[in-house]
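Novice: Make a model of the complete structure from these sequences and hints.
What follows is each chain in one-letter form.
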Amino acid sequence: MAGRGTIRGLSETRTATEAALAAVFREEAARLTAAMVRMVGNFDIAEEVVQDSLLAALETWPVQGIPDKPGAWLMTTARRRAIDLLRRDQRYADKVALLERSTMPVEPAEADDRLRLIFTCCHPALAQEAQVALTLRAVAGFTTQEIAAAFLVSEPTMAQRIVRAKRKIVEANIPYRVPQGAELIPRVDAVLAVLYLMFNEGYLSRGSSAAMRRDLAEDALWLAAMLAALLPEQAELLGLVALMRLQLARSQARFDSRGEIVLLPDQDRSLWDRGAIAEATTTLQGAAALGSPGPYQLQAAIAAVHAQARSWGETDWSQIIALYDALLRLADSPVVRLNRAVALSHVRGPEVALGEVNDLAIELGGYHLFHATRAELLDEIGEKALAREARLRALELCQNPAERTLLQRKLDA
Amino acid sequence: MKYVLLFVGTMEDQKQFESQSTEEMQKAMGGAMNWFESYTRAGKVVGGEQLKGPETVTTVRFKDGKPMVTDGPFIESKEIIGGFAVVDVKDLDEALDMAKAWPAGPVEVWPAVER
Numbered sequence: 001m002a003g004r005g006t007i008r009g010l011s012e013t014r015t016a017t018e019a020a021l022a023a024v025f026r027e028e029a030a031r032l033t034a035a036m037v038r039m040v041g042n043f044d045i046a047e048e049v050v051q052d053s054l055l056a057a058l059e060t061w062p063v064q065g066i067p068d069k070p071g072a073w074l075m076t077t078a079r080r081r082a083i084d085l086l087r088r089d090q091r092y093a094d095k096v097a098l099l100e101r102s103t104m105p106v107e108p109a110e111a112d113d114r115l116r117l118i119f120t121c122c123h124p125a126l127a128q129e130a131q132v133a134l135t136l137r138a139v140a141g142f143t144t145q146e147i148a149a150a151f152l153v154s155e156p157t158m159a160q161r162i163v164r165a166k167r168k169i170v171e172a173n174i175p176y177r178v179p180q181g182a183e184l185i186p187r188v189d190a191v192l193a194v195l196y197l198m199f200n201e202g203y204l205s206r207g208s209s210a211a212m213r214r215d216l217a218e219d220a221l222w223l224a225a226m227l228a229a230l231l232p233e234q235a236e237l238l239g240l241v242a243l244m245r246l247q248l249a250r251s252q253a254r255f256d257s258r259g260e261i262v263l264l265p266d267q268d269r270s271l272w273d274r275g276a277i278a279e280a281t282t283t284l285q286g287a288a289a290l291g292s293p294g295p296y297q298l299q300a301a302i303a304a305v306h307a308q309a310r311s312w313g314e315t316d317w318s319q320i321i322a323l324y325d326a327l328l329r330l331a332d333s334p335v336v337r338l339n340r341a342v343a344l345s346h347v348r349g350p351e352v353a354l355g356e357v358n359d360l361a362i363e364l365g366g367y368h369l370f371h372a373t374r375a376e377l378l379d380e381i382g383e384k385a386l387a388r389e390a391r392l393r394a395l396e397l398c399q400n401p402a403e404r405t406l407l408q409r410k411l412d413a
Numbered sequence: 001m002k003y004v005l006l007f008v009g010t011m012e013d014q015k016q017f018e019s020q021s022t023e024e025m026q027k028a029m030g031g032a033m034n035w036f037e038s039y040t041r042a043g044k045v046v047g048g049e050q051l052k053g054p055e056t057v058t059t060v061r062f063k064d065g066k067p068m069v070t071d072g073p074f075i076e077s078k079e080i081i082g083g084f085a086v087v088d089v090k091d092l093d094e095a096l097d098m099a100k101a102w103p104a105g106p107v108e109v110w111p112a113v114e115r
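Chains as they are written, first to last, in the numbering used here: chain E, 1 to 413; chain H, 1 to 115.
Everything labelled a hint here was simulated from the structure, so no lab data went into it. The model shown is predicted, which means the values in this text are computed figures rather than measured ones. Virtual Cβ for every residue (Gly too), placed ideally from N, Cα, C. One should not assume that every hint holds.
What the hints assert, rightly or not - Label-pair ranges, simulated between beta-carbon atoms:
hint	chain 1	residue 1	chain 2	residue 2	range
1	E	Arg329	H	Asp13	53 to 61 Å
2	E	Ala159	H	Met29	42 to 50 Å
3	H	Ile81	E	Thr76	49 to 57 Å
Specialist: Following this line, the structure appears as structure tokens:
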């Protein structure tokens, strides 16, 4: 699979069983949760028993092996757990009877079922961090422990965040439905924001020492691709799929043998996954054909221009600047301006670019990449002392371990 | 399911509202009245009132079991509740649609305990 084994140290900690478990979980979780919500009618309980069945599988499967029909195993376990939970409550007598009667083969969930689930998890009435956590748990089959590790919070904190969100779904009666008509686009946007946040969290934290059973970036792509299969007419969704796939296609080249970041100009392009790049390019063309451009499609197009250049020197910078200009017209932001300035430096030189970057000082003063970019440009025009100062400032502000190592290396050089 | 929609705002919003011309003010009031009327006819609004200003509010609280009457609202004085509507709808999305259609500022949507 593309991107797997990117980080040498990390892939070794992931055993074959764990990888197989993760694959089964993400294949089955949404289907299971959707089926349980349908049977039990209560999102909170349904999601809880699915999580319980995943935890049971984590205990048993590594010892006894993965069963022939893992989906059926999980469904049986979830169903038993639901019966146990609901038996005590008279209000659920009918449901218990239904659960007991049902031999419940794992019916292939209808497409709409998974969609309903995703839209409920990403409902705007929930805080975005809770949307991310719920989506990972209910749709991608992550355990609370894994989500907590990915977002660097304690397990009880994450558990509480999830419990609160699920309670709100039930108490405020957040509907379990696919938004229709004019609501669909803004609701899809909310889902895309969640998936992209998930992706970045995984993509940027790669190479850090935290060993993870699951790869958030790959799971985010998987979720986006699944969603795109269900909503094939959403151009921005296709754009996001292309963007993620293009970024992951470069994975093999992003870190060196010591796990340290290799920046785009220095990457060994023969390690890029050409198959994934071609696939992403086709997806992006499909998105463009829908005639509704947006920020994800433009970002993917920028990534595609990089992916198509055979070397750093052959990058089509004027094309990239044109795409950044289009992006700024749709969604003006200082971070996009910063990236545009980097592209500009290759066409009009570091001094012009530095002028543009310095204009962003007030808005981006607290952003480490603002200072890191200044440092690069200052180096290029021979202002070594100022460059060093900017780099030290970047180091102060930077949290990501792999990026910190890179900054330190440049300071030591 | 029932929800209470609280029409909230800041004192500054209120001042701004009051500094409008009579015509503008009537137009704004008209929007709110239309909202109430059309949703009441549709059977979605089952109760509600416009409230007078915070300078008219009195709070009763209890100290050692004895009622204490004080001038002013209990909530932060910078915020005010201009009115409320009790709505009876299918789910949160429907309540949120109604809140989005409210023409006069922020709306808090509180689910009511079911009995």
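Novice: Let me make sure I understand: some of the numbered hints might not hold for this structure. Which ones are they, in numerical order?
Specialist: 1
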